[in-house]
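Peer 1: Starting from the known structure of chain E, fit chain S onto it as the hints suggest.
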Amino acid sequence: MDNQRTTQARPYLGVDVGGTFTDLAFYDESGELTCIKVASTPATPGLSTLQGVNELRRLSSCTDAAWSEMSHTHSNTVAVNCLIERTGAKLGLLVTAGFRDTLEIARMTIPEPARYDSRRPVPLVPRRRVAGVEERIDAEGRVVKPLDAESAIAAAARLGELGCEILVICFLHSYKNPAHEREARAAIERELPGLPVEISSDVWPQAREFERATLALVNAHIRPAVERQAKLLVGGMAERGVGTPARGSRSNGGMELLATMAERPVTALLSGPAAGVAGAAAAAADAGWTGANLMTLDVGGTSADIGVVRGGRPVLSAEERVADFPILVPTVAVSAIGAGGGSIIWTDPTGALKIGPKSTGADPGPACYGLKGGGVAAMTDAFLLAGLLNPQRLLGGRMKVHPDRARRALEAVGGQVGLSPEQVADGAIQVATAMLAAESTSVLARRDVDLSRYRMVAYGGAGPLVAALVAEAVYVNSVLIPPVPGTLSALGAAQADLEGDFVQPIYRGLDSLDAASLGGALEGIRSQTAGWLEREAVGLRVQHAVVEYSAEMRYEGQGFDVTVPIDEAWLAAGDSAAILAAFHDAHQRAFGHSHRGTPAWLQELRAHLTGRLPKPAPASLQSAEVGGDPSIRNIRLRGKEVEGRIFNREDIAADSRIAGPAIVEQMDTTTLVPDGWMLTLALNGALILERGAA
Amino acid sequence: MTTAAQQAAAAAIDTEIFANLFRAIVNEMSWIIQRSAHTTFVKETMDFGTALVTPEGEQFAVNDSTGVNALVGTPMAPGIEAFTDWAPGDVAITNDPYTTDGMVTHLNDIFFLKPLFVDGELLCFVWAFIHCSDIGGNVPGSIDGNNREVFQEGLRIKSTKLYRAGVLNQDMVDVIASNCRSPEMNWGDLGATISGLNRGEERLRQLIARYDVETVRGAMYRMLDRAEALTREVLKGIPPGSYEFVEYIEDSYVSAVPIRAMLRLTSRGDGSVELDLTGSDPQVACSFNMPTGGQKHHPMLSVAIMNLVVTLSEAPIFNAGILRCIDLVLPSHSFVNASFPAACGMRVLTTLRVHDMTLGALAAAIPGRVPAGGAGQLAVISVSTADFAGKTRVVAANAVAGGAGGGLGLDGLSGADYPTSALRNIPVEVLEAEAPVLAHRYTLLTDSEGAGRHRGGFGVEYAFEITDGRARVVVRGKDRYRFCAWGVGGGKAAIPSFSRVRQADGTEVDVGKQSVYQPEPGDLLIVGGGGGGGYGNPMERDPDRVRGDILDGLVSPERAREQYGVALAADGEIDREATAALREKSGATGDARSTTPAGNGPMEVDFGPGRSQWQADWQETYAIIAEWCGKFPPNGRRLAQERAYLRAVKRLSPAPARRDVLNLLEQIEEEWA
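Line by line, the protein sequences are chains E and S. Mapped onto numbering that gives the first Met the number 0, the consecutive letters of the first sequence carry residue numbers 0 to 693. Mapped onto numbering that gives the first Met the number 0, the consecutive letters of the second sequence carry residue numbers 0 to 672.
Just chain E, with the same shape it has in the complex:
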């Protein structure tokens, strides 16, 4: 993430579509930020965005000329929703004959091996719509059995008769040699015009047939819905006087043209959470935390998302799962935990207090909403009764909140185990904190993160409330709350760079790769990156484009890969010794040991391209010159009841140092400063919490 802020000449719009609300973050040409929320329109994805744009146009004093020049990056929530609900295209799958059950058997294992009722997720394509085709290519990419095009056409015709709207082809080793997939597609398109065909080697050429097939299928399944939304947005923005092309945010935290994205929408499945993490990284940079290592914590109504930023940039992973499916494309690594404001508080048969995974959802919501069908105690009720939330300000003050009902619900839980409602509230917060901490530790260990060198950015409705508590539990001493923590994904989208990921499959022992093959691999991936940048940069002022190379490598016989940063010059010069040394070093760094004598394999060459774009100037500091007087409220925390000072966010002076226990209230969130923590303001208006800084 680039911390250099250029005075901008044009406005920036970022959009994030959630289940209930659509957030729009708009910087006008003078850098003034406007954030609005409008109701989402799940029946017509994209419509809420256009309605929000209408409202923004009314609110903003932006000139028509500047408005027309706006850079706008849109949400792709439609992609993930379509996949979760499985409402996308009806698909057929062609595989290498003999492997019809690639989807049914999957990776053999089940989600919860100790449970007799655990089953693999139902495949996206049932067995009846999967057909084998005679052909075979081996691991070296050599043709073992030529493609029987006639059998491919016949199978495709049968699948067409079954009502398949799109056919996907995934043949063995097509990542290494896509010839058969391409030939089969050409033959089917020739003989069966009108039946679209997609091939797995086009979507993401990586080994592992089940995962690659899944990726291609997911891509095809969601594509029509994403295309429909793209069409609506492209036309709608033009009608609203915007002359620049529409872009969409991607799962890697960057963006690309909606037209490009519609070809490979699978790269946008996690764009919402990814934009949040990218927004968190940007907010940290704006606050002066340049190149920081961060854990991000986004706590919403039903779940908490944890992400990692290393050296100022979101950490990508190719092992994410979205709605039951493994997704191999590089994605901002976000792990979701079923713990949010709506998570239900209950006790198990031994009397232990438990949180979730069941949630009250938005309707009926926590007991304090007082809605019909409600009355079950949820975390929001606990926050309320512990005095952490202000009943007058909850839900932005839009809705009446009933503390008495929260109390009654917590009383019902506590009655079973001899706890007072206050004790349940306090205990539930402690348990939720432990859960978030436990999951964070596990997730971050998986990402190879040593938290002791990390700081935290917290956002979402409840993130700032629990941030310092979770930070303490995971030994993190600094927490940043962005200025507008409720709309960080939209802000992230507004500030996105062009980010592209590319892969060149190799899958060979390093000692078998001569200078020519390394050079060839470099050329292959160079032409991909150059082509993409040329297409994507249209209408943008790319300040500079950086391509970073890495290799996925492993020791011979090792079960998985280590990502090794690679210098372009090594590839150009065919310097495999340098690559090998870099691999040993990377292994040593990651795991504390390396094996210099063991042969290494180079699985894939990868490239990540960042096209850096001008950014909106940071929002001007909106702090009071003189601090307002806090009010006092009793808050209950970790078994103690204390007097907490309650501040309005707008009333905090720039040079304030506020020692906990204190609470900061603002329109879209509440920040808790526990005992032992000190709150200050950053340059960009973010709140900084530091432990032991009194």
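Some hints here could point you the wrong way.
[To be verified] Here are the simulated lysine to aspartate or glutamate pairs, DMTMM-like style, with alpha carbons at most 25 Å apart:
| # | chain 1 | residue 1 | chain 2 | residue 2 |
| --- | --- | --- | --- | --- |
| 1 | E | K144 | S | D504 |
| 2 | E | K36 | E | D650 |
| 3 | E | K144 | S | E519 |
| 4 | E | K89 | S | D570 |
| 5 | E | K144 | E | E190 |
| 6 | E | K89 | S | E572 |
| 7 | S | K235 | E | D116 |
| 8 | E | K144 | S | D467 |
| 9 | E | K144 | S | E433 |
| 10 | E | K144 | S | E464 |
| 11 | E | K144 | S | D522 |
| 12 | E | K357 | S | D63 |
| 13 | E | K89 | E | E226 |
| 14 | E | K639 | S | E213 |
| 15 | E | K89 | S | D551 |
[As the list claims (entries may be wrong)] Rough simulated footprint, nothing fancy, chain S against chain E, three-plus residues with beta-carbon under 8 Å:
| # | region |
| --- | --- |
| 16 | 125-131 |
| 17 | 336-349 |
| 18 | 416-422 |
| 19 | 444-451 |
Please keep in mind that the hints were generated in silico from the structure rather than gathered at the bench. The model shown is predicted, which means the values in this text are computed figures rather than measured ones. Note that beta-carbon positions come from the ideal geometry of N, C-alpha and C, so glycine has one too.
Peer 2: Chain S alone, transformed into the frame defined by chain E:
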């Protein structure tokens, strides 16, 4: 509020907090091991584990993110009691079943224990184990069904300090390195495990710094008490009484004599059960023996009850507290409680069989709440290549299980069985890049399932060719080639497992349980796993589901008519009239509601043709001989049993009279006198 009430209230909150804190530690340890381990066993099949252990040897926190749950709660006391001089910085290792009273159950598992001292006082142990791909022995990978003694199975390491007060015992490292086939990879796994242990210790120290040591100590024991209490809640649901079931490993690889396991499961009504395996066969001269040390609690023989608890509990906690409610009664010198020096490499098959046997007993106790029998094998295929320089490389090619049983209102899992369902397969594209293999088929088998209202899972077939003439193939863990997965409550047995070779000229040869195969060019090796057993009367299966299976090509129209009484019309829709007629003919009401017996009544079990025929012919003879051989000293029993049984099968006609069997035994005794 009284002090006791206050304590209880605090416990209500603290328990869940510490459950999370401990879980975070063991899971973090696991990730470190998994990320940095070198061998496929640890990485892909996730055959490793981590836990925190009380000084008394109970695992109070166990990782839930890896592949192994058959070791949850393993009694650790023998490993701890091996030393009286534990000191900070020590790490002890062992892989020896016979000096640890069955703490370890085969040599490939290496256990690590590291003590945690606080102010000079022992608080707990940090534990990890990894499955070591090769620990020496007579075959690559160390495990072979034909092994007769543990000496053939590799290097035995009795509890030894690998680190003494933080100092590495290099001599020990050298001994290990010089006794296994791929020392670099093993050392990689060892290094990864040490990193994991160290992280666990560091995290515990942070915890103690934040809370105090007494709070942490109290929480340790509360984890166990809570798991025990939750388990009792579930097990109280088993009506008091005793339930019996018999299972067989159909032969012992080294002889054609079946191995019998017997179970009397008693629910005491207080939330505990006893699994009495008295009557199970003497230890055998192959590697199926389970060296449990006769422990009262042992996870390897308790998998079904543990899974049941996890399945039926609202908030399961996975630790040794579960095992406190499962008491084992194990006859000494038997294959479920083997003595030195019985071979034990392939004891997983014994775990699988005892698992299914427990399901069989539970089927009568709590009908509908446990699945029918599963394919019950784990045919692990590995390919070893030796280049002409003599360097051997072994690649684990895949594991073929089969289908799991139907039940709990669900069809059985296809292509995987519950006790081994944590295992992942190896993608064809990954395998072919690493080993000289060309896969031809990896597919579910049509009509392989045990029919049932909730049918069994479908079996699976892996067919592959070896492309390097120097390579050979080892397949271990095959079973249920005759005694297939059983159905229950009106459900049917499935097809059995199989192994065949299709030669270049097209002829197919049945290679049965042969474990080592040297392929000829063009040979296609076919390793099959049978289906899972069905649950409930198949004539009561929802016709729409039957139709779905037909459309998916998994059940043939002929079988649908015969087994399920469902006929499809020409347009592919259900022919309602024909279906009603077929079902009426079978005597089924067509009512899909439960007709399974409740309470203590015996459940009808369909063992399939192989076992049914054998039972009719030889079961009684087998039982007579089993009783007779009790008169021999323990180490001679199996030999006597095998000789006598083989003689009986040879000399007597099927289903012989009791008198004839006794006469035969008398003769044998005279010969041996």
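Peer 1: Now tell me, hint by hint, if it's right for this structure.
Peer 2: For each hint, the structure was consulted:
1. A threshold of 25 Å between alpha carbons decides the hint, and for K144 of chain E with D504 of chain S the separation of about 18 Å falls inside it, so the pair holds.
2. Of the supplied pair hints, the one linking K36 of chain E and D650 of chain E holds, its CA atoms being roughly 24 Å apart against a limit of 25 Å.
3. Distance check on the hinted pair: K144 of chain E and E519 of chain S sit about 20 Å apart at the alpha-carbon level, within 25 Å; holds.
4. Proximity of K89 of chain E to D570 of chain S is assessed by CA-CA distance (about 21 Å); at most 25 Å being required, the pair is judged to hold.
5. Proximity of K144 of chain E to E190 of chain E is assessed by CA-CA distance (about 22 Å); at most 25 Å being required, the pair is judged to hold.
6. The suggested pairing of K89 of chain E with E572 of chain S holds, with an alpha-carbon distance near 20 Å, which does not exceed 25 Å.
7. Under the criterion of a C-alpha separation no larger than 25 Å, the hint pairing K235 of chain S with D116 of chain E is consistent with the structure, at around 20 Å.
8. Among the hinted pairs, K144 of chain E with D467 of chain S is consistent with the structure: their alpha-carbon atoms are about 18 Å apart, no more than 25 Å.
9. Straight-line distance between C-alpha atoms of K144 of chain E and E433 of chain S comes to about 20 Å, which keeps the hinted pair within the 25 Å bound.
10. The suggested pairing of K144 of chain E with E464 of chain S holds, with an alpha-carbon distance near 14 Å, which does not exceed 25 Å.
11. The hinted pair formed by K144 of chain E and D522 of chain S meets the criterion: a straight-line CA distance of about 17 Å does not exceed 25 Å.
12. Of the pairs offered as hints, the one joining K357 of chain E and D63 of chain S holds, with about 20 Å between alpha carbons and a cut-off of 25 Å not exceeded.
13. A distance of roughly 15 Å separates the Cα atoms of K89 of chain E and E226 of chain E; the hinted pair therefore holds under the 25 Å criterion.
14. Under the criterion of a C-alpha separation no larger than 25 Å, the hint pairing K639 of chain E with E213 of chain S is consistent with the structure, at around 21 Å.
15. With a C-alpha separation of about 16 Å, the suggested pairing of K89 of chain E with D551 of chain S holds against the 25 Å cut-off.
16. Counting residues of the region 125-131 of chain E whose C-beta sits closer than 8 Å to any C-beta of chain S gives 3, which meets the bar of three, so the coverage hint holds.
17. Residues of the region 336-349 of chain E with a Cβ under 8 Å from some Cβ of chain S number 4, which satisfies the need for three, so the listed coverage holds.
18. Residues of the region 416-422 of chain E lying with their CB closer than 8 Å to a CB of chain S number 4, which satisfies the three-residue condition for coverage.
19. With a threshold of 8 Å between beta carbons, the proposed coverage of the region 444-451 of chain E by chain S holds, since 3 of its residues qualify and at least three are required.
In this structure, every one of the numbered hints holds.
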